[in-house]
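Q: Below, each chain spelled out in residue letters.
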Amino acid sequence: MAEAAVRAGCTFFAGYPITPQNEVPEYLSWRLPQAGGVFVQAESEVAAINMIFGSSAAGARSMTSSSSPGVSLKQEGISYIAGAELPCVIANVQRGGPGLGNIRASQGDYFQAVKGGGHGDYKLIVLGPAYVQELYDLTMRAFDWADYYRNPVMILSDGILGQIAEPLELTPYTPIVKLPPKDYILTGCAGRTPRVVKTLFLNPADGLVHHNDHLQEKYRRIEHELSLCEEYETADADIIIAAYGMSGRIAKGAVRKARRKGLKVGLIRPITLWPFPKEPFVRAARTASKMLVVEMSCGQFIEDVKLASECAVPVEFFGKGGGWYPMDTDILEIVESMQPCRSAPCATRKD
Amino acid sequence: MATFTRPDTLKDQITHYCPGCGHGIAHRIVAEVIDELGIREKTIGTAPVGCAVLMYDYFNVDMIECAHGRAPAVATGIKRVQPDKIVFTYQGDGDLAAIGTAETIHAANRGENITVIFINNAIYGMTGGQMAPTTICGQPTTTTPDGRGAHGEGGPIRVCELLSNLDGTCYLERTAVSTPKDVLATRRAIKKAFENQIAGKGFSMVEVLSMCPTDWKLSTQKSLEFVNNDLKKVFPLGVYKDR
Ligand SMILES: Cc1ncc(C[n+]2csc(CCOP(=O)(O)OP(=O)(O)O)c2C)c(N)n1
Numbered sequence: 001m002a003e004a005a006v007r008a009g010c011t012f013f014a015g016y017p018i019t020p021q022n023e024v025p026e027y028l029s030w031r032l033p034q035a036g037g038v039f040v041q042a043e044s045e046v047a048a049i050n051m052i053f054g055s056s057a058a059g060a061r062s063m064t065s066s067s068s069p070g071v072s073l074k075q076e077g078i079s080y081i082a083g084a085e086l087p088c089v090i091a092n093v094q095r096g097g098p099g100l101g102n103i104r105a106s107q108g109d110y111f112q113a114v115k116g117g118g119h120g121d122y123k124l125i126v127l128g129p130a131y132v133q134e135l136y137d138l139t140m141r142a143f144d145w146a147d148y149y150r151n152p153v154m155i156l157s158d159g160i161l162g163q164i165a166e167p168l169e170l171t172p173y174t175p176i177v178k179l180p181p182k183d184y185i186l187t188g189c190a191g192r193t194p195r196v197v198k199t200l201f202l203n204p205a206d207g208l209v210h211h212n213d214h215l216q217e218k219y220r221r222i223e224h225e226l227s228l229c230e231e232y233e234t235a236d237a238d239i240i241i242a243a244y245g246m247s248g249r250i251a252k253g254a255v256r257k258a259r260r261k262g263l264k265v266g267l268i269r270p271i272t273l274w275p276f277p278k279e280p281f282v283r284a285a286r287t288a289s290k291m292l293v294v295e296m297s298c299g300q301f302i303e304d305v306k307l308a309s310e311c312a313v314p315v316e317f318f319g320k321g322g323g324w325y326p327m328d329t330d331i332l333e334i335v336e337s338m339q340p341c342r343s344a345p346c347a348t349r350k351d
Numbered sequence: 001m002a003t004f005t006r007p008d009t010l011k012d013q014i015t016h017y018c019p020g021c022g023h024g025i026a027h028r029i030v031a032e033v034i035d036e037l038g039i040r041e042k043t044i045g046t047a048p049v050g051c052a053v054l055m056y057d058y059f060n061v062d063m064i065e066c067a068h069g070r071a072p073a074v075a076t077g078i079k080r081v082q083p084d085k086i087v088f089t090y091q092g093d094g095d096l097a098a099i100g101t102a103e104t105i106h107a108a109n110r111g112e113n114i115t116v117i118f119i120n121n122a123i124y125g126m127t128g129g130q131m132a133p134t135t136i137c138g139q140p141t142t143t144t145p146d147g148r149g150a151h152g153e154g155g156p157i158r159v160c161e162l163l164s165n166l167d168g169t170c171y172l173e174r175t176a177v178s179t180p181k182d183v184l185a186t187r188r189a190i191k192k193a194f195e196n197q198i199a200g201k202g203f204s205m206v207e208v209l210s211m212c213p214t215d216w217k218l219s220t221q222k223s224l225e226f227v228n229n230d231l232k233k234v235f236p237l238g239v240y241k242d243r
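Top to bottom, those sequences are chains D and U. Quick note on numbering: the first sequence equals residues 1 to 351 in the numbering used here. Quick note on numbering: the second sequence equals residues 1 to 243 in the numbering used here.
Some hints could be false.
[Stated by the list, open to error] With a cut-off of at most 30 Å between alpha-carbon atoms, the simulated DSSO-like pairs for lysine-lysine come out as follows:
1) U:Lys11 / U:Lys85
2) D:Lys252 / D:Lys115
3) U:Lys241 / U:Lys191
4) D:Lys198 / U:Lys85
5) D:Lys198 / U:Lys192
6) D:Lys278 / D:Lys178
7) D:Lys278 / D:Lys252
8) U:Lys42 / D:Lys182
9) U:Lys191 / U:Lys201
10) D:Lys115 / D:Lys278
11) U:Lys191 / U:Lys181
12) U:Lys192 / U:Lys85
13) D:Lys198 / U:Lys191
14) D:Lys257 / D:Lys306
15) U:Lys85 / U:Lys201
16) D:Lys178 / D:Lys198
17) U:Lys11 / D:Lys198
18) U:Lys85 / D:Lys178
19) U:Lys232 / U:Lys217
20) U:Lys11 / D:Lys182
21) D:Lys198 / U:Lys42
22) U:Lys11 / U:Lys181
23) U:Lys85 / D:Lys182
24) U:Lys42 / U:Lys241
25) D:Lys198 / D:Lys115
26) U:Lys192 / U:Lys232
27) U:Lys192 / U:Lys181
Bear in mind the hints are in silico, worked out from the structure with no lab data behind them. All figures in this text were calculated on a predicted structure; none of them were measured in a lab.
Required output: the full structure, derived from the provided sequences and hints.
A: This is how it looks when you write it as structure tokens:
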């Protein structure tokens, strides 16, 4: 992720140490200056995100990274950045919560990431990678989308992906979209009227209403244009597993095992978590008879699955919070118990 | 013959400040200094949360409005990305010495090459006169009706003294805007704080003792006396660091 950021032209990083993401600032502390950028170890996550507010307003591709308790502290700044429509990339390598929690992998910050987290009506573009290569690729895309939409992008990863070592192809960076000129950044007002970056709208009285209308319009456009999802063996699937990030990756293993046993099981793995890829779920609701949500949290992601599939099929749940992760064999067992019964109706497992 | 004109750095705008408030004087001084140094077109200012939040409506420079207390962190981000620009913060006492204490101390300690204008009016102006970190002992506010110190509020924080311990700070001076002589001293200090940044010397802060007649519930005349007779005793004027 850190190397992808450098290659994508990130020139400013600020962060505060927290496990399990320390590798990112440690790497960038020497790598970023080598590439002509700036690394600052901030005094807190609050300060770090506000440095990003400044560096982004000054025109730099900017990034901060943290883990759950630190990301809670960043919420103030995230709200300001979203309100001021500044681009930046924020990584959350999630760990167990609530509170100090633990340092094991978790997906417990899903709501915070996709529903808001800070104050006011705003949206982050949220990406849920499951593989190191995907994390690398999405990090580059994150900078593009942030600039293109002038919106903060969050990479919602977890402690397993943050610590895992696996093969990676260090592909070069090429922008995927034509990026608009940064005609809003602060550079000193030489030869032009001064610019102001702000989030306060007092006059006229409905100025903030209009600003919110404008933001919502942008969010609708993003929803319309941006949706990434992996669909695996869904075409003929009777049971569809829905899972993202690391739980999606584990669930894929369960699908492979189930297929070897001749069970018609498929996987929908949303990669953009906001915007949530609705269409695959609408289709699945027509063809599958049941769904199973697997998440490393206590029932957050399932809400978006139910909304997207409009509760057209029964949705079962397999998830726990606190640094727990599912085993593919457990998922397989649940899927087997969900198979249509030959004899009397059977009890389905609820975990 | 010299005529009194508006500095280029100030827009032709009537400010929202109350009669007798010190923000208007401090604004004018900052604007005059920016004019005099010829840096208007390379200056980036950061507005605080506080009575001066709308200062970008008055200043003719690029500006960013920060969250309450975070201006030194925001300024750090800007200055590190554009080291050739002149970056300043302008903050009240609640902003700089309460909610933003950490950002202030650490920006100072890193020796960020920025200029900090600190308006110490010993009260929370914008929110209606609550206790500030710099409210002096015995001073009544809306949240210390019996005067500060009666119920475990502690005493005023002396920011210049506090920061003077840090190796990263270059220049710290406390001035006032309650007499013509003080206004001139403030002008000289603020000019120096900007010159230091131009010379790349590091963190410079001018703490300006300022009036808030509305929330002190004093007349404009009595407010000047409060600065001269009371605040200056607790917050001695002078240079606390110059290297
Ligand atoms: C996070 C947050 N907390 C509280 C406030 C409310 N608030 C606005 S201004 C202010 C105090 C400002 O006082 P000071 O910094 O001394 O500046 P002055 O208004 O006196 O110039 C407060 C508490 C806020 N805007 N944001």
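Q: List in ascending order the numbers of the hints, as given earlier, that are violated by the structure.
A: none
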